[in-house]
Amino acid sequence: MVDNDKHGDGIDRRTYLGGLAAAAAAGTAGCLGGGGDDSDGGGGGGGSSQALEVLHGWTGGDGSDAVDALTEAFNEAYPDLDSNIKAVGGQGNVELNTTVLRRLTNANPMGSFANWPGKNLERYRGSLMDHEDVWEEAGYKESMQDRVVELCTFNDKMPAVPIGSHRMNNLFYNTAAFEEAGIDPANLESVPDFVDALETIGSETDYTPFAHGMQAPFLGLQTWAQILTSQSGVEAYENFIAGDGDRAAVIDALETLQEIQENYITEDASSIGYTQAAQKLIADEAACIHGGNWLYGMFRADDEFNFGEEWDWVPFPGTEGLYFYHVDAFVTPSNNPTPEKTRTWQEFVGTKEAQIAFNNLKGSVPLRTDIDPSELSDFLAMTYEDLTSSDAYPPTIAHGLAVEPEAMNACKSAIGNNFMGPYDAEAAADGLLEAVSGGSS
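Going by full-length UniProt numbering, the first residue of the sequence shown is number 1, and it counts up by one from there.
The hints are simulated quantities; they were obtained by calculation from the structure and are not laboratory data.
Below, simulated DSBU-like cross-link-like pairs (lysine-lysine); rule was C-alpha separation at most 30 Å, straight line: (1) Lys352 - Lys119; (2) Lys119 - Lys157; (3) Lys119 - Lys141; (4) Lys157 - Lys86; (5) Lys352 - Lys86; (6) Lys119 - Lys86; (7) Lys141 - Lys86; (8) Lys141 - Lys157; (9) Lys352 - Lys141; (10) Lys157 - Lys352.
These figures come from a predicted structure and were not determined experimentally.
Using the sequences and the hints given, assemble the complete structure.
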């Protein structure tokens with residue numbers, strides 16, 4: 001028996017408009033842009049003959065390959081279950097979130113949709129289905145990491161099942177660039193070490209020191225979070241997302257980000273995103289890039305750009321022992337048009353088969369604790385070990401886990417309005433601190 005959320009038939013208009021505001025600034029990573037279908041088809045109503053409709057935002061590259069593998073595995077497991085698993089295209093999660101919010105507001109839900117769990121679920125309050133029975137019967141509360149069980153619990157319900165995790169605090173580097181500059185990445189233990197390395201690369205080689213996209217403000221926000229953590233410690237970051245940030249530490253991290261953006265990035269950085277920035281490593285034009293390990297999903301698609309040979313990685317300098325936590329999941333709306341088919345899908349998403357098929361291509365790692373690392377690629381096996389054995393797991397601020405959607409939107413606005421050139425560290429700091437303290441409400 002599947003219990004629908006008792007709070008009503010759809011999201012109220014205030015929640016919807018607030019969600020749209022958050023969605024407008026949520027052009028975030030882990031969901032590649034590119035074509036896709038943004039139609040409103042599928043709709044509420046319908047009985048057992050209606051196809052299961054699943055929406056996601058993985059419309060190109062590693063994401064498209066991963067969801068295709070997941071779809072193929074699901075169809076093989078349930079060949080008689082009619083399904084329509086489709087992309088809502090472009091600009092990260094922006095179009096997906098807008099479509100989902102619009103349809104839920106119009107009482108026209110889909111069966112399931114890809115999204116982030118945790119505080120991000122606040123945007124769907126009152127319109128989520130409970131899958132406590134799936135978690136219990138499939139044993140997922142025992143086989144999933146405790147922290148992801150907590151993130152998938154919302155409003156005393158369990159409306160989400162996780163599909164994979166990206167680690168955020170990665171510094172990927174082009175090995176030839178670092179060798180030419182005479183830099184041992186293992187010696188980058190702090191942000192000053194990192195900035196010194198960028199200076200050396202800039203003066204001693206023809207490589208752009210740091211590949212960085214500034215097309216969307218989340219890119220600066222996620223890098224600023226790493227700098228803050230490195231310079232002032234993980235407690236400073238956790239205090240910040242809890243609404244008790246140290247203004248001086250926030251400004252220090254912003255000023256370091258400004259130094260990097262003014263001196264060590266490409267001239268076209270303001271007009272590109274992380275996809276184009278990462279391509280500069282593959283093309284031997286840039287030395288390193290910060291980002292989630294979805295970048296590995298991009299690198300692995302190039303047969304001539306190989307892990308341990310043409311590229312490698314280290315934790316972002318000063319964040320050794322941390323796993324900055326990012327999670328993708330599938331979420332289910334209430335008044336579900338295909339409740340039993342949706343239940344079947346959600347249960348499948350949590351299986352070993354589904355998590356291995358999806359994550360090996362996406363560049364993410366399963367959330368289950370019983371995965372044999374030999375079934376993952378070398379890089380992901382190493383990441384999976386880090387997922388299970390790191391010292392701390394701070395949640396990502398730019399991808400829905402650390403703060404609620406309205407605060408995340410306001411943080412991106414603080415960066416977008418004050419820190420994408422010209423730079424105003426004090427105004428950006430005030431905007432960030434106000435956002436997480438609830439002052440943006």
